[in-house]
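> Given next are the chains, with one letter for each unit.
There are 2 protein chains.
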Amino acid sequence: MKVIIVGGVAGGASCAARLRRLDEKAEIMMVERGPYVSYANCGLPYHVGGVIENESSLLVASETLFRERFAVDVRTGCEAIAISPKEKKVKLRSVKTGEVTEHAYDKLVLSPGAASIRPPLPGIDLPGIFQVRTVPDARQIKEWIEARRAGGRPMRAVVVGGGFIGLEMAENLVHLGVGVTLVEMAGQVLPPVDEEFARLVKDRLESHGVRLALGDGVAAFEEAGNGAIDVRTKSGKAHRGDLVILALGVRSDTALAKAAGLQIGERGGIRVDDQMSTSDPDIFAVGDAVEVRDFVTGEWSLVALAGPANRQGRIAADVIAGRNSRFRGTQGTAIVGLFGAAIAWTGVSEKTLKSLGDSDYEKIYIYPSSHAGYYPGARPIAMKVLYRKSDGRLLGAQAFGEDNVDKRISALAVALQMGATIHDLEEAELCYAPQFGSAKDPVNFAGMVAANAMSGDMPLIHWDAAKTGFLLDVREPGELAADPMPRALNIPVGQLRGRLGELPRDHAIHVFCRSGQRAYLAVRILLQHGFEARNISGGMLSYATVDQTVKQSD
Amino acid sequence: MKVIIVGGVAGGASCAARLRRLDEKAEIMMVERGPYVSYANCGLPYHVGGVIENESSLLVASETLFRERFAVDVRTGCEAIAISPKEKKVKLRSVKTGEVTEHAYDKLVLSPGAASIRPPLPGIDLPGIFQVRTVPDARQIKEWIEARRAGGRPMRAVVVGGGFIGLEMAENLVHLGVGVTLVEMAGQVLPPVDEEFARLVKDRLESHGVRLALGDGVAAFEEAGNGAIDVRTKSGKAHRGDLVILALGVRSDTALAKAAGLQIGERGGIRVDDQMSTSDPDIFAVGDAVEVRDFVTGEWSLVALAGPANRQGRIAADVIAGRNSRFRGTQGTAIVGLFGAAIAWTGVSEKTLKSLGDSDYEKIYIYPSSHAGYYPGARPIAMKVLYRKSDGRLLGAQAFGEDNVDKRISALAVALQMGATIHDLEEAELCYAPQFGSAKDPVNFAGMVAANAMSGDMPLIHWDAAKTGFLLDVREPGELAADPMPRALNIPVGQLRGRLGELPRDHAIHVFCRSGQRAYLAVRILLQHGFEARNISGGMLSYATVDQTVKQSD
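Going down the list, the sequences are from chains A and B.
Just so we're on the same page, this note's numbering is the position in the first sequence counted from 1, plus 1241.
Just so we're on the same page, this note's numbering is the position in the second sequence counted from 1, plus 1241.
Just so you know, the hints here were simulated from the structure itself, not pulled from any lab data.
Careful, some of the hints might be misleading.
Copies of the same chain look alike in the list, so a pair counts if it works inside one copy or between any two.
[To be verified] In silico EDC-like links for lysine to aspartate or glutamate, alpha-carbon gap of 20 Å or less:
1) Lys1243 x Asp1347
2) Lys1383 x Asp1366
3) Lys1266 x Asp1698
4) Lys1266 x Glu1773
5) Lys1475 x Asp1457
Based on the provided sequences and hints, a complete structural model is requested.
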């Protein structure tokens, strides 16, 4: 059996290694257009920033290793240019010599990845405009900065695009002492997360000196003298940089698949089944180029992440070797570091639910400490958890903070994968010692709050709806001075039982405190005394993010 | 309805707060023998060590808060001395005045906790022998050390007992500059973990200057002049200390329950059902004093942990308020910090399985990095994962390392809770960016290795059985020099296909490398060429721990 694998990074390399392990006799050829196989593209921004010092660290497994250890016929600098599915042949071209050869296959695996989006705007080809997709890309950026830094004058960069790579590049450029402006067409950074969490990210970036220009697309790149570039936006503004990083996302590289007549999906990726098989049963496709099912929504989606790419590569190898492996879809679990903080998420966002017209969900906001408050170093975590209103099933979660955000989202990701409900979160037994967590971990706490809301013990409301109603603030007077909410009646929770006469019986009472815990007790007291009461989820801490978002969109 | 809660720390305090939220009208009395309610006993060792500076930080919720906010009639310094279940009355005695009063209840909740074990050995009451269970205990230890430290001479302490508290106290005393000897009757520290992981803990303690005396019980405490104490062991040795910490574990405080005729379980705890109801339907019991079902084995167990105690308190409150909550048992998830490293575990250990005569399990050892190796700061994690041989269900996991051990065990704890199999671990989508994890996270990696073993693709063997067979070492020559294994034939994996003639066809070949990954490929090559081959799980890294354990027990 001869298997040709097109693309030698995450998905392709995983497929080659797995296939060799399963089938010692298969003839395996792996071709890669670039100079390296199996490199760590997730590390590129950190190599630019100097955190990962040596380029060689990024080369996870070398061509030699694949050849000697895995007996794979590796060809770098080699491009697949055409497939003849009927003849089961693929044409390869040497990038260096242009020489074209034709090779028969029994099974073909496409792992072409996705190319950085490079819009055909005026000036797009000016020197100093870079993308960050390959090792040579990173090398060019480093060399460009080093050459210009020699002069000693402060440097500026414009990062175009506020997704993962854009944010990671912004951080790493700041780390190098380069001033950064980030331009993003959408009204928020990080499209996968909800607006209020994108806002936390924005605040974090700004507090580390990144200038943000949101809601403004790029119109052109213009020479600005001294090798600088003006990034001209649609609104007419110009952002000047000594270099420009294009981080506009990626587009599945489907040219080869399309030309071969393979089915392309509605999102523009190669359509595969859950065994990574394309519309041609002898051709498989994996990685950033394929559409996969969203695990929560069941919708087709494009997910350019290394974890799923690796798993898909393994699955394609399994299937080729006669195993019955299946890809179960992706939750899109991800994390982005942000100057010592991180934002992480798993599952579906609220805006995705809204866009699908799905209203059978509730959300809660909580602001727990990363570990027991009495042990030094605890940091707040802002968490949003989405669950099915009808049955309590976990749908998604987002978290932002400086400490152990990844731990909570990883635990929630496993919970979501296993079909957990909020009641399962209540009962979860995570590692607890005071430096690592709390006896009621944020994951438990999320479950408890959601369960209280679901049982009706603690009716919830959110700031967008709450602020037009009767507001009851149950914080202590000292807290009001620091963080006032003038429209609210203040009755500290400890006094509430004695001051019920001050409250209306003909209106719903919207109760809040700092984070929601005292308001919960207040709501319980009010409900049991016959009032209609709701807890404003996340209290003043939510107001700081959610409500400002609400105000902006007013 | 009048509810009396005996014990005001984790379980009792949780119960009181929850019950008030559910029932505004209940009359709730909470009595606590000690001076404080709801204090953080998990923080006591760190307060002794000065990490948590102020004693007041340990007081999570004050008596006043319970009184004012939760309308709970709190009585500290008040002991329950007798229950009359038929009359539904409880006798309380003031610790200070000795005054006894009798109180009727509708429901009684026992949360008496567990007392530190204090064996009746000669000299046990000498001054300078302390336990670490309450805030006053911690205060006395601090005062004792400060008073003696004044002289400026080096201090020594003997910690008796190698469980959680013993280890945490050892670390904190070292942190204070006190030399520590830890004496433990068993042959290992940390009874809940398997011997090879206890050994990693032992090495960690020793490398930070703690002297360990294992397998030697205490026989007596003797005055040694200058206020020092000799801890005399059964083997006749004497370990001298300026203070002695008793950390011999705890014993459920069941005196009150026993005297009231409540059923006591086989492990010596109060027997309760899954609604925390004792053998008397009007009496509930929660926390360290009760026996609970082990979630994995279904056996009765005693678990003195804050998380389960809090949940049990909530459940008792729910049931008293007419809800149908149930406790699902405990996995015993736990973590102990060890001088910047940590050991954590969840579910069942191998020795528990063995003690139950359960042989339907397999184990794997892996040694992944805490995050992508190419990003600075990655640290190895030693992991052992136990799963059902017959169906792949996760049974338990143990992990040791300096970075993000808690994250992996927390994710595995959720997986175990949800009934995950090793195949679910393969597919888990955890947070990945190079500073946080790997595209194949240690959790995935555990699943993949286990799945390969289970499918027969990679038959496993462990060092205890492997070392008598034919050993094939597939490491590179350079590695052998640093870490030799003389009894093995060395063929680097890259040369294996060309040197198959050197291998026996009449023996099973036991293959190893550094951690098991190259050995996996070698096993695949050998199997496909008709050899009988097995991968020695965890390779040389397992040899360093597992085999030394094996040797010791020879």
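> Please list, smallest to largest, the hint numbers that this structure does not respect.
Result: no hint breaks.
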